[in-house]
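S.K.: Residues per chain are reported as follows:
Number of protein chains: 2
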Amino acid sequence: MIKVDLQYSGLKDLKTEISESKIIEIHNMIQNKSGRGNDFLGWVEWPETFDKEEYNAMKQAANQLRSKIDTLVVIGIGGSYLGARAADEMIRGLNHIDKVKVIYAGHTMSSTYVAQLTKYLKDKNFGICVVSKSGTTTEPGIAFRRLEEQLISQVGLVKAKDLIVAVTDASRGALKTLADQKGYQTFTIPDDIGGRFSVLTPVGIFPLLVAGVNTDNIFAGALAAKKTLNANDLSNPAYQYAAARYLMNQKGYKAEALVTYELQMQLLNEWWKQLFGECEGKEGKGLYPTSMVFSTDLHSLGQWIQEGTRNVLFETVIKVKTPVLDANVPVDQANYDGLNYLTNKTFHEINSIAIEGVIDAHVNVGKMPNIVLEFEKMDDVQFGYLVYFFELAVAMSGYLLDINPFDQPGVEVYKYNMFKLLGKPGVK
Amino acid sequence: MIKVDLQYSGLKDLKTEISESKIIEIHNMIQNKSGRGNDFLGWVEWPETFDKEEYNAMKQAANQLRSKIDTLVVIGIGGSYLGARAADEMIRGLNHIDKVKVIYAGHTMSSTYVAQLTKYLKDKNFGICVVSKSGTTTEPGIAFRRLEEQLISQVGLVKAKDLIVAVTDASRGALKTLADQKGYQTFTIPDDIGGRFSVLTPVGIFPLLVAGVNTDNIFAGALAAKKTLNANDLSNPAYQYAAARYLMNQKGYKAEALVTYELQMQLLNEWWKQLFGECEGKEGKGLYPTSMVFSTDLHSLGQWIQEGTRNVLFETVIKVKTPVLDANVPVDQANYDGLNYLTNKTFHEINSIAIEGVIDAHVNVGKMPNIVLEFEKMDDVQFGYLVYFFELAVAMSGYLLDINPFDQPGVEVYKYNMFKLLGKPGVK
Chain U
1 MIKVDLQYSG LKDLKTEISE SKIIEIHNMI QNKSGRGNDF LGWVEWPETF DKEEYNAMKQ
61 AANQLRSKID TLVVIGIGGS YLGARAADEM IRGLNHIDKV KVIYAGHTMS STYVAQLTKY
121 LKDKNFGICV VSKSGTTTEP GIAFRRLEEQ LISQVGLVKA KDLIVAVTDA SRGALKTLAD
181 QKGYQTFTIP DDIGGRFSVL TPVGIFPLLV AGVNTDNIFA GALAAKKTLN ANDLSNPAYQ
241 YAAARYLMNQ KGYKAEALVT YELQMQLLNE WWKQLFGECE GKEGKGLYPT SMVFSTDLHS
301 LGQWIQEGTR NVLFETVIKV KTPVLDANVP VDQANYDGLN YLTNKTFHEI NSIAIEGVID
361 AHVNVGKMPN IVLEFEKMDD VQFGYLVYFF ELAVAMSGYL LDINPFDQPG VEVYKYNMFK
421 LLGKPGVK
Chain E
1 MIKVDLQYSG LKDLKTEISE SKIIEIHNMI QNKSGRGNDF LGWVEWPETF DKEEYNAMKQ
61 AANQLRSKID TLVVIGIGGS YLGARAADEM IRGLNHIDKV KVIYAGHTMS STYVAQLTKY
121 LKDKNFGICV VSKSGTTTEP GIAFRRLEEQ LISQVGLVKA KDLIVAVTDA SRGALKTLAD
181 QKGYQTFTIP DDIGGRFSVL TPVGIFPLLV AGVNTDNIFA GALAAKKTLN ANDLSNPAYQ
241 YAAARYLMNQ KGYKAEALVT YELQMQLLNE WWKQLFGECE GKEGKGLYPT SMVFSTDLHS
301 LGQWIQEGTR NVLFETVIKV KTPVLDANVP VDQANYDGLN YLTNKTFHEI NSIAIEGVID
361 AHVNVGKMPN IVLEFEKMDD VQFGYLVYFF ELAVAMSGYL LDINPFDQPG VEVYKYNMFK
421 LLGKPGVK
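Here the protein sequences line up with chains U and E, keeping their order.
For the first sequence, this note's numbering begins at 1 and goes up steadily by one.
For the second sequence, this note's numbering begins at 1 and goes up steadily by one.
These aren't lab readings, by the way, just hints derived from the structure by calculation.
From the three backbone atoms N, C-alpha and C, an ideal C-beta is built for every residue, glycine too.
Treat each hint with caution, since some may be false.
With the Cβ distance kept under 7 angstroms, some of the chain E side facing chain U (calculated, not the full set) [said to hold, decoys possible]:
{"no.": "1", "residue": "Ile30"}
{"no.": "2", "residue": "Ala61"}
{"no.": "3", "residue": "Gln306"}
{"no.": "4", "residue": "Phe347"}
{"no.": "5", "residue": "Met418"}
Not close to chain U: a few residues of chain E, all C-beta gaps over 12 angstroms, as computed [said to hold, decoys possible]:
{"no.": "6", "residue": "Glu48"}
{"no.": "7", "residue": "Thr49"}
{"no.": "8", "residue": "Lys68"}
{"no.": "9", "residue": "Asp70"}
{"no.": "10", "residue": "Leu117"}
{"no.": "11", "residue": "Gly212"}
{"no.": "12", "residue": "Leu229"}
{"no.": "13", "residue": "Ala231"}
{"no.": "14", "residue": "Leu247"}
{"no.": "15", "residue": "Gln274"}
{"no.": "16", "residue": "Val372"}
Only chain U is shown next, with the shape it has when bound in the complex:
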């Protein structure tokens, strides 16, 4: 359901540029869990093995919560919110009107943001989904304290208990203890799935259920990806994409821009940035993952892409074949703007033609290589498919770089510094 088109990449036949036996070897490492970081490969089987009982319990809890609130505040940082937000925006869109509005917190320590959010929530019937494996990460920790206090002061201790859900470790950690002691319902972050791979676990699924997204379809899409992206060699589209970007890196390119022509996929790009940046950016390696949204960024970064510094960046362009909704350009008899020549086309047709024109301009005139990924539709099924596609791709490309794709040792450095400066007990 995803087509990888390398004709604009400047790469020749992949098989002549990379050893297919290396691909097969890594495929086996992923499937047999025999490579570095193999404690964190739970996502590989997840579309089949996820806990059905917990899933049903989540559906029930989400329905109850949904019936009581108009606003859900998801408190989490990094992988603890990016996946849910990417899914919510891609599937429901940016100006979707629904019973429950989802708002995010705990991903910033901006005092102005937090203070404005507490004002905004004053007359809302809000619930909280707090997501943290440990419960001691500073950003979501202090945001949760603040909003928990507000909720209790707005509805009282008894009612608040039913409006707070924690997604956390099965048995250990500060958030698990807190939730158990205070009587908040909890769902589990599996031990063998890291934050950036967690969107199909309760981390992403619970908030999406409250938002009213069809998560059965998301799982169906992920399962379809698991089943169809099963070739062990370069006929596998996920490995084609992994190999292509690895080769671009080898040829000296330092950065990749994931390009979307759909505003509502911007957060998917942000999710992708974490997935690839955090998996690959270690031991002095890894492409710098960046994001662009066209047309708007054509009138911003377009000039640099067309004529700026060469041999640093390549683009990976996502094309959506079928629109969820389409729209016509109305006829205007006066035609002052001269746009009547477009009235026989829909917005989606015009957008698709723009993609062709831009690729030609960037690649042939600008000498900016493009990888093109084409998928069917911005719906729940395809979201699940895309997630699995990128997860499988980054496992391959990470192992091609000869690093451990599943750890993140560098994230600890700033946390340690911060704890020390803040005077956290026990940190020296």
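Go by the hints and put chain E onto chain U.
M.R.: The following block gives chain E in isolation, referenced to the frame of chain U:
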């Protein structure tokens, strides 16, 4: 009002690395309008010379429009909306509740976005501000057709006339003709100020007035910048920043990330990306401008920044000294999360300490150079100041690269391709 701190940049005393006489020479080119692109230097004097009569007319028109609507749709792409949006979000914040909500269109051809937006607007009292110098740019052109038709069908032809305002050329172009013929009020985009420098012209000011932002203060901030950033040498903070990033580029760095710790400044970063990318990205030159929002991106790109590929990216970190609003961390006697040690600090204090910790981690452990820009507060005055600071800086850094900072020839290539593929009359 802006301090440029280079102690973490790895650069020595600027005067030993760059010829100060070159800085003075370019300063004179900017002030005397004697360099390349000198037709587009209207922004230099603008905080003093802007048309006061038109400004008063705008205030009147904006007040009238504001009294009639709950939603303003700003239709524009690139410089025609980024400045207004950056100002609106930085000054009013992300969860601000006000009489008028501002929504953007014409910056995308996504059919789903447009179709959802038209649904969303069905029960709104909306007005339109369409911004385009020519009126023939496809993206805003087709969006305007669609929303103009909707507005007329919702309120009738007569009422719609008072709800549509065009910001466009003084006398020529399709949008000017259209507005005059149909009886829509117009305000003027000056001929000598390019799109990416236009936020202080009616392009940015009219939508901000409708949104209820204090534009007098924005102008006051810009004027203060014009007056205080007046040194002709490296004592000028704008030139310090320009020289520093130029030197980083000369040393082999290919990309710059503007880093904010305030979510509501994300759009200012997007505006900055256009300003620097479009000014500098030509003749095979220019840093790739990218953006990050911390803390959230520390749990996404943080790993790559800390340990990924070196000598490609440097960070320019924006520190805000004083918060607009602050918030405390509540005391929780049980202290399950162990965060009571933070209850004597405000969010802003914790955020400021995080900045220190992150800079130390990135610079000293990660060997990722940092430029630090410190300013006072996220308010209207400071927004005007920042705008002028960056505009002056990019003029200097563009001329240091020996290119014309004020044209954008590369943006035409994709437009031409698109027109040809769409069968625009007269394009071969």
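S.K.: For every hint, state whether the structure bears it out.
M.R.: To see whether the hints hold, each was checked on the structure:
| no. | hint | in the structure |
| --- | --- | --- |
| 1 | Ile30 | 20 angstroms, violated |
| 2 | Ala61 | 21 angstroms, violated |
| 3 | Gln306 | 3 angstroms, holds |
| 4 | Phe347 | 4 angstroms, holds |
| 5 | Met418 | 4 angstroms, holds |
| 6 | Glu48 | 28 angstroms, holds |
| 7 | Thr49 | 26 angstroms, holds |
| 8 | Lys68 | 21 angstroms, holds |
| 9 | Asp70 | 14 angstroms, holds |
| 10 | Leu117 | 5 angstroms, violated |
| 11 | Gly212 | 16 angstroms, holds |
| 12 | Leu229 | 24 angstroms, holds |
| 13 | Ala231 | 29 angstroms, holds |
| 14 | Leu247 | 16 angstroms, holds |
| 15 | Gln274 | 4 angstroms, violated |
| 16 | Val372 | 16 angstroms, holds |
Checked against the numbered hints above, the structure breaks hints 1, 2, 10, 15 and satisfies the rest.
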